[in-house]
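**Student:** Use the sequences and the hints to build the structure in full.
Chains as they are written, first to last, in the numbering used here: chain H, 6 to 118; chain R, 476 to 897; chain Y, 159 to 330.
Treat the hints as calculated values from the structure; they're not laboratory data. Note that CB positions come from ideal geometry on N, CA and C, so glycine has one too. The reader is advised that the hints may include incorrect statements.
To be verified - FRET-style restraints, in silico, Cβ to Cβ: (1) Gln-840(R) <-> Thr-302(Y): 54 to 62 Å; (2) Arg-188(Y) <-> Tyr-804(R): 30 to 38 Å; (3) Leu-514(R) <-> Ile-310(Y): 50 to 58 Å; (4) Leu-486(R) <-> Leu-253(Y): 40 to 48 Å; (5) Ile-323(Y) <-> Thr-814(R): 17 to 25 Å; (6) Thr-302(Y) <-> Ser-798(R): 42 to 50 Å; (7) Gly-9(H) <-> Lys-628(R): 48 to 56 Å; (8) Thr-272(Y) <-> Leu-566(R): 36 to 44 Å; (9) Arg-105(H) <-> Ser-515(R): 53 to 61 Å; (10) Lys-835(R) <-> Pro-287(Y): 55 to 63 Å; (11) Pro-800(R) <-> Thr-302(Y): 47 to 55 Å; (12) Leu-314(Y) <-> Ala-858(R): 24 to 32 Å.
So you can see what is in the structure, the chains are spelled out below.
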Amino acid sequence: METGVPLAAYLGLGLFMFVVGVVGVIIRRNPIVIFMCIELMLNSVNLTFLAFAKYGPATANADPYQHAMAGQMAVIFVMAVAAAEVAVGLGIIMMIFRSRNTIDVDEVNLLRG
Amino acid sequence: MFDVASWHPALQALLRVLLFVLPLLLVVPGLIWWERRLLSWMQDRIGPNRVATITLKSGRKIKLFGLLQPIADGVKLFFKEDITPSAIDRLIYFVAPAVALFPAFALGGTLPWSGNTLLTPIADVNVGILYVMAISSLGVYGIVLAGYASNNKYSLMGGLRATAQLISYELAMGMSIAAIVLASGSLKMTQMVATQQGDLLGVVPFLNNWFIFTPFGFVAAVVFAICVIAETNRAPFDLPEAENELIAGYHTEYSSMKFAVFFMGEYAAMLVFAGVFSTVFLGGYDMFIDPLEGFAGTTLGGLAAFMFKTVASFTCFIWLRASLPRLRYDQLMSLGWRTLLPVAVANFIVVALWILITSKYGVWQGWIAYIGAFGLLFAVYSAVRGLSKNRVDNALAPRSISLVDGTRSVNVADPQAEGVGS
Amino acid sequence: MPVQATPDLMIFGVLAGLAAMTAVGVVAFRNAVRSALCLVLNFFSLAFLYFTLQAELLGMTQIIVYTGAIMVLFLFVIMLLNLGSLQVLDERPDLIKKGLGFLFGGALFGLTATQVVQPFLQTSQQFAPEGFGSPQAVGRTLFTSYVWPFEIASILLLIGIVGSILLAKRRI
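**Tutor:** Here it is as structure tokens:
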């Protein structure tokens, strides 16, 4: 099937979102925003998975159905892991705030030697 | 007649959207009138009955029972001064009412109001009920943003409460719907309606197979109805806008038309949720009996049946509002997590077992397994409850609160004994 | 290869533009609530991008899981922290960090674009069969070929629940 949208368009969007997430993780100091940037990266990977699932295998001898399904399964598991990660991560942020009264990542340096 | 089938698909879609949204907009004022009148009857007062009374020259009065009251209210709200507080987050403050209105109207995207597949639903996708769940989970944003942007601690508290409440009740709602999805074998709304046509469970000839008549469907319907009330922030779950503790919660700082938008969104969401309830549990546009020969199958007949069921469900929600006092916050959480979610999950397991045994061994074995599983789950539940009696039951027990100065504590259930209120 | 302006491409353009802008907004806004709102819009437009890829079940799951649950949790925590003091989430600018971040981000983008994305520039043929994203197809695959990963994911979620309760509760 041909829809006029090249695969590279989806890949480019995914790459752009991933890079924005990486930059955000580096330059922001607020752990909640850093966390959101990580979610952004996970989602860009999800988009890439689904794009590859839809556009099919690069090699001709792979089964398109299994290929498409593998992409979707990866997305489902990423979502499950992200949900667990958010629950625990936000709990950790709340704990840090409760015990130190700040959540600036540059201030949380107890482990520094 | 219009030949809709030959139109361009985009025009057909537009027609379907208009046929859903415009009547919804028109029905909402009527619903507000209906709620106010009904509430006043239930509370032994008269209610709004003055607007739209026409006095003729001869002295005769034509009474329309205050039917135009919502329009008068709307005009009043429209011309009131629109106060914008100064220390607010302006962008979010102005966007929040729109965000609150969006899910209410988008919710009905897969809701069929009649058997005519050309006119309804807007999109008969094969993830129909999931769409309803997804859009209803967006309903929290309007409230949270309004509460945050108002820069008012009561509004913020209302927003926080709404967040926790909606997340908690979303789960039980999803699980109760999952049982119905298992029983009907499809996520499509039209397929759900089709499953509910025919005799009850295939054996009872005088009742339709509406899910509310089946045991598992009844449990799911009760859970779903409670969750719907919690999702739309209606009494007895209207903690986000509790006027005696949070002034008016998230819309304290909103006046004039922006408040009206919140108000309208709430009622539209109520109506569409009532429509979802009647589609999933009450057979949707399927008519119970066919009074006129062949009327039930027509578009108008389906619409009449659907509207009757929807308004009946809506009336039940109003009835609940008139009957029940508002819950305390911990009672709300305890009800959602300790009662509704386990019940919905147990119901889901029982339905799955029933379907498995029925498909493997036969109908009667399926029913035996059904009753056995229900009994087993109840036994496990009461055993757990008995083992942890002092920990589970304290949600509804009277509690003592300590006063602000921390000098003494007061028993809430018996305030007179400690001299509070004097 | 000339790219034709089909309706699909226009829809993709609108959604991709929205997703890209909101992604930038997540990083650029100083106010954490606005960042979170941008992320909500981003996830919402991603759900529609999933629909354009005919993965309708995953698009719905995206809205339910991400915009309906995860982002609401984020907003909840942001507001809960805001309750204490209003200045707690303000940030000071750090030029060295910013410079390094943009440098590294640009390098990553350039490298990946030339090395990974470039071979796929010519691909626009979709091989996946019709209805591969329907609930039936996904469910069947999930409960046959992928049943063990599915169970492990459920255990992971259980651990997540227990862990977050342990973290959040002061007194068990």
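**Student:** With respect to the beta-carbon atoms only, verify the hint that Thr-302(Y) and Ser-798(R) lie 42 to 50 Å apart.
**Tutor:** Once the Cβ atoms are compared, 49 Å apart, the range 42 to 50 Å for Ser-798(R) and Thr-302(Y) holds.
**Student:** At the C-beta level, are Leu-314(Y) and Ala-858(R) separated by a distance inside 24 to 32 Å?
**Tutor:** holds, 29 Å
**Student:** With 17 to 25 Å as the target window, see if Ile-323(Y) and Thr-814(R) comply at their CB atoms.
**Tutor:** Given a distance of about 19 Å, which is inside 17 to 25 Å, the answer is holds.
**Student:** Okay, Arg-105(H) versus Ser-515(R) on CB: inside 53 to 61 Å?
**Tutor:** Between Arg-105(H) and Ser-515(R), where Cβ atoms are some 55 Å apart, the hint holds.
**Student:** Regarding Thr-272(Y) and Leu-566(R), is the given constraint of 36 to 44 Å on their beta-carbon distance met?
**Tutor:** This hint holds: roughly 38 Å between Cβ atoms.
**Student:** How does the Cβ-Cβ distance of Gly-9(H) and Lys-628(R) compare with 48 to 56 Å: does it lie in that range?
**Tutor:** At roughly 52 Å between Cβ atoms, Lys-628(R) and Gly-9(H) fall inside 48 to 56 Å, so the hint holds.
**Student:** That 40 to 48 Å hint for Leu-486(R) and Leu-253(Y) (C-beta), does it hold up?
**Tutor:** violated, 55 Å
**Student:** Could you tell me whether the CB distance from Arg-188(Y) to Tyr-804(R) stays inside 30 to 38 Å?
**Tutor:** Holds: the Cβ-Cβ distance is about 33 Å, inside 30 to 38 Å.
**Student:** Determine whether the Cβ-Cβ distance between Pro-800(R) and Thr-302(Y) falls within the hinted range of 47 to 55 Å.
**Tutor:** holds, 50 Å
**Student:** Do the Cβ positions of Gln-840(R) and Thr-302(Y) conform to the proposed distance bound of 54 to 62 Å?
**Tutor:** violated, 26 Å
**Student:** Per the hint of 55 to 63 Å, is the separation of the Cβ atoms of Lys-835(R) and Pro-287(Y) within bounds?
**Tutor:** violated, 31 Å
**Student:** Against the range 50 to 58 Å, how does the distance between the Cβ atoms of Leu-514(R) and Ile-310(Y) compare: consistent or not?
**Tutor:** holds, 52 Å
Violated hints for the displayed structure, listed by number in ascending order: 1, 4 and 10.
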